[in-house]
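Visitor: Residue numbers (full-length UniProt numbering): 1 to 692.
Take these hints with a grain of salt, some might be off.
Claimed, not checked - With a Cα cut of at most 25 Å, we get these calculated DSS-like pairs of lysine-lysine: (1) 637 with 601; (2) 321 with 254; (3) 99 with 146; (4) 421 with 99; (5) 452 with 101; (6) 654 with 101; (7) 247 with 216; (8) 101 with 396; (9) 370 with 390; (10) 414 with 654; (11) 436 with 414; (12) 601 with 665; (13) 146 with 654; (14) 244 with 254; (15) 390 with 215; (16) 414 with 452; (17) 452 with 99; (18) 654 with 99; (19) 215 with 247; (20) 601 with 560; (21) 101 with 370; (22) 623 with 452; (23) 247 with 225; (24) 244 with 223; (25) 321 with 390; (26) 321 with 372; (27) 654 with 452; (28) 452 with 390; (29) 414 with 372; (30) 254 with 223; (31) 623 with 637; (32) 396 with 223; (33) 436 with 665; (34) 216 with 390.
Source of the hints: derived by calculation from the structure; they are not laboratory data.
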Amino acid sequence: MLARLCALRACKEPALQGSVRLMQTQSSRKSRAVRDTLRHVKMKESRRQGELHGPSTVYVQVLGAGSRDNGASLYVFSEYNRYLFNCGEGTQRLMQEHKIKIARLDNIFLTRMSWETVGGLSGMILTLKDTGVPQCVLSGPPQLEKYLQAIRVFSGQLEDIKLGKAHHYPLIQMTCSAVIAELIIFFFFLSTEGKEKITRDWSLVVAYVCKLHSKKGNFMALKAKEMGLPVGTAAIGPIIEALKAGKTVTHDGKEIRPEELCTPADPGPVFIVVDCPSEDFIQPLCTNHVFQRYQTGGSEDSAALVVHMTPESVLDTDEYKSWMERFPSSTEHLVMNEQTFTPHNTRSHKLQTQLNLIHPEIFPPLRLYKTKEPAASLHVPNVRAECLMKFQLRPKLEWQRDAIPSCDSEEFVKEAAEVPKFLEEVEECRKFQAAKFPEIVFLGTGSSLPMKIRNVSGTLVNISSSQSLLLDCGEGTFGQLCRHYGNDVDEVLSRLSTIFVSHLHADHHTGLIHLLLERQRALNSLGKAFSPVYLIAPVQIMTWLNQYHDHCQQILSQIKYERKITLYLYLFLFLLTHQSGWQLVFSGDTMPCDAVVNMGKNATLLIHEATLEDGMEEEACEKRHSTTSQAIGIGMKMNAEFIVLNHFSQRYAKIPLFSDDFNGKVGISFDHMRVRILSNNRKLTTNSSYLS
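Could you put together the complete structure from these sequences and hints?
Guide: Laid out in structure tokens, this is it:
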């Protein structure tokens with residue numbers, strides 16, 4: 001039962017006014033100095049001046065395999081270009097953890113305007129801006145243009161993000177780059193009458209047919225040397241060029257045909273990306289003439305790979321199975337949906353497994369969400385997607401599984417046990433008992449952008465067995481919930497009653513829409529009555545939500561927004577006072593401020609941002625953040641019984657740097673850390689002296 005909910009500005013007016021102007025005119029991340037042109041961009045420009053040659057190495061790689069916490073996303077690599085198909089929440093974090101360079105992206109293709117496919121796009125765009133990428137082309141449904149307008153509320157201007165010319169046409173064929181010679185973008189609609197206007201037509205899905213540039217055969221230098229050609233001299237250049245162009249050459253009176261010294265040319269394989277989200281789309285997909293060209297008896301070379309971003313309910317229909325069977329036996333089929341049970345964020349699993357040894361209550365083991373839907377019985381050979389699985393298109397067609405991450409808990413435990421005196425210290429930390437509620441679960445404890453160890457801001461407060469609230473919800477917050485609770489995630493979502501968004505920086509709110517949609521799914525799944533979530537947030541958030549509602553998906557029925565609590569300011573303090581007496585104070589991004597002290601006097605728990613280490617006070621002031629000692633100082637002035645530091649800069653890999661101010665009242669947060677307030681003496685079940 002909530003007795004009081006309060007939101008408060010946490011800085012003096014002059015600082016706030018400057019911050020508001022910043023938010024309205026700039027990106028929600030701190031501006032960086034202009035960088036020199038990226039090296040790969042210079043190389044790309046130089047290639048454009050010469051003849052385009054097909055790349056030697058091309059592969060399609062799974063990023064998100066389609067699980068509930070990591071939606072389907074696909075990465076296409078060549079030595080020339082990089083492409084991304086769909087960008088759901090957590091895509092950027094996966095790329096960062098597995099060392100896939102975001103700065104190399106040239107094109108992002110979207111199959112539909114649903115949060116499953118665009119949830120991570122705003123964060124990706126901000127990172128591309130910060131990295132100095134001169135241009136990235138986005139292609140997808142017509143609503144994409146409205147989506148970009150909506151995120152300008154917190155992203156600022158997007159001069160370097162270009163919309164692909166394809167997004168206005170029902171069917172287009174175009175040359176994409178040095179890798180893809182021909183890109184057919186086909187729009188197909190739900191087969192119903194009286195469709196909504198196209199600017200917000202959820203019944204529109206985009207499929208992509210991609211054909212690689214042809215590649216000339218390779219010159220066999222050793223054989224040429226055996227035949228007496230001047231290999232290794234300047235004279236060999238014109239000979240190689242002529243042979244690769246298919247011309248016969250004469251050397252020392254002897255005719256040499258191209259096939260004698262060159263391997264066969266590669267005409268360029270075709271791969272197809274299909275998203276069929278429900279059974280309503282099967283008929284327009286399966287009867288389309290575009291795909292028939294690449295099936296048995298078609299006018300084009302058969303497809304080497306078809307990627308199916310398709311749920312099991314669709315795969316299991318006779319019509320869809322029949323459509324798959326029309327492709328020849330040489331075509332490979334990759335299925336991406338919730339029927340995947342492999343972890344994606346292995347570094348997070350490793351750290352949580354090791355922290356679990358210290359205190360199983362505070363650091364519970366992470367869990368996998370496993371769908372109860374049975375796998376479809378398909379009549380064609382198919383491969384189920386796994387994170388980082390590859391299908392190589394060049395130099396030869398083959399599956400590659402060597403990059404798939406492993407998650408071996410026994411190895412993680414063994415590694416931790418090698419630390420001197422670790423097991424002895426662990427025993428000391430297992431002496432606390434607590435009631436189950438209230439409980440605070442840290443879902444994201446990093447700042448700015450998601451990284452492999454820390455996701456961005458999100459804190460769940462379980463007040464009782466029937467009521468929870470969420471403090472901030474940056475990108476990937478639902479994924480963190482899924483990994484924390486596994487198959488119990490629907491029950492957790494069903495008791496979520498309130499969401500507080502401290503301010504409109506991307507790391508604090510861009511997971512909101514996904515959370516709302518998944519909560520509705522959870523209530524439907526459990527057969528519980530629907531009730532909207534109370535949203536406490538800056539009024540500007542409604543511009544973003546209204547735009548998304550008008551042009552992408554209807555979501556406004558999911559929230560109850562009280563305009564009498566309208567908040568125009570840059571950052572906020574959240575104060576929760578429970579009728580039993582305990583009090584929780586949560587800060588958004590803030591510098592040290594007496595308003596926080598006065599509001600939270602004698603609080604049971606203060607969760608305060610501590611973005612930077614001591615000695616970086618000037619940078620902290622410039623960015624409106626606090627250092628660790630400043631955050632601890634606020635807690636001491638407040639006389640808080642316990643202080644948990646949060647929202648650390650991602651420059652600190654695991655644990656931030658601390659000064660002597662760190663003491664027994666202070667703890668540091670980790671993703672998936674869980675603390676509970678003891679009802680008898682109002683202490684926390686944590687051992688900060690060990691964590692320090």
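Visitor: Indicate, hint by hint, whether the structure satisfies it.
Guide: Hints versus structure:
1. 637 with 601: At roughly 8 Å apart (the allowed maximum being 25 Å), residue 601 and residue 637 satisfy the hint.
2. 321 with 254: With Cα atoms ~56 Å apart, residue 321 and residue 254 exceed 25 Å; violated.
3. 99 with 146: Distance ~31 Å between residue 99 and residue 146 Cα, so the pair is violated.
4. 421 with 99: violated (33 Å)
5. 452 with 101: holds (14 Å)
6. 654 with 101: holds (22 Å)
7. 247 with 216: holds (12 Å)
8. 101 with 396: holds (24 Å)
9. 370 with 390: holds (23 Å)
10. 414 with 654: Judged against 25 Å, a Cα distance of about 19 Å means the pair holds.
11. 436 with 414: violated (30 Å)
12. 601 with 665: Holds. Residue 601 to residue 665 sits at ~15 Å (cutoff 25 Å).
13. 146 with 654: Between residue 146 and residue 654 the Cα gap is close to 38 Å, so the pair fails against 25 Å, i.e. violated.
14. 244 with 254: holds (18 Å)
15. 390 with 215: Given that 25 Å is the threshold and the Cα spacing comes to 21 Å, the pair holds.
16. 414 with 452: Holds: residue 414 and residue 452 sit about 21 Å apart, inside 25 Å.
17. 452 with 99: holds (10 Å)
18. 654 with 99: holds (18 Å)
19. 215 with 247: Distance of about 16 Å is within 25 Å: holds.
20. 601 with 560: Measuring from Cα to Cα gives roughly 30 Å; hence the hint is violated.
21. 101 with 370: violated (30 Å)
22. 623 with 452: Holds, at roughly 23 Å.
23. 247 with 225: Distance ~19 Å between residue 247 and residue 225 Cα, so the pair holds.
24. 244 with 223: Holds: residue 244 and residue 223 sit about 15 Å apart, inside 25 Å.
25. 321 with 390: Cα-Cα ~24 Å, so holds.
26. 321 with 372: Holds. Residue 321 to residue 372 sits at ~21 Å (cutoff 25 Å).
27. 654 with 452: holds (10 Å)
28. 452 with 390: holds (21 Å)
29. 414 with 372: Given pair residue 414, residue 372 is violated - Cα atoms ~33 Å apart, limit 25 Å.
30. 254 with 223: Judged against 25 Å, a Cα distance of about 15 Å means the pair holds.
31. 623 with 637: Measuring from Cα to Cα gives roughly 23 Å; hence the hint holds.
32. 396 with 223: Roughly 22 Å separates the two Cα atoms, so the pair holds.
33. 436 with 665: With Cα atoms ~21 Å apart, residue 436 and residue 665 stay inside 25 Å; holds.
34. 216 with 390: holds (24 Å)
When each numbered hint is compared with the structure, violations occur for hints 2, 3, 4, 11, 13, 20, 21 and 29.
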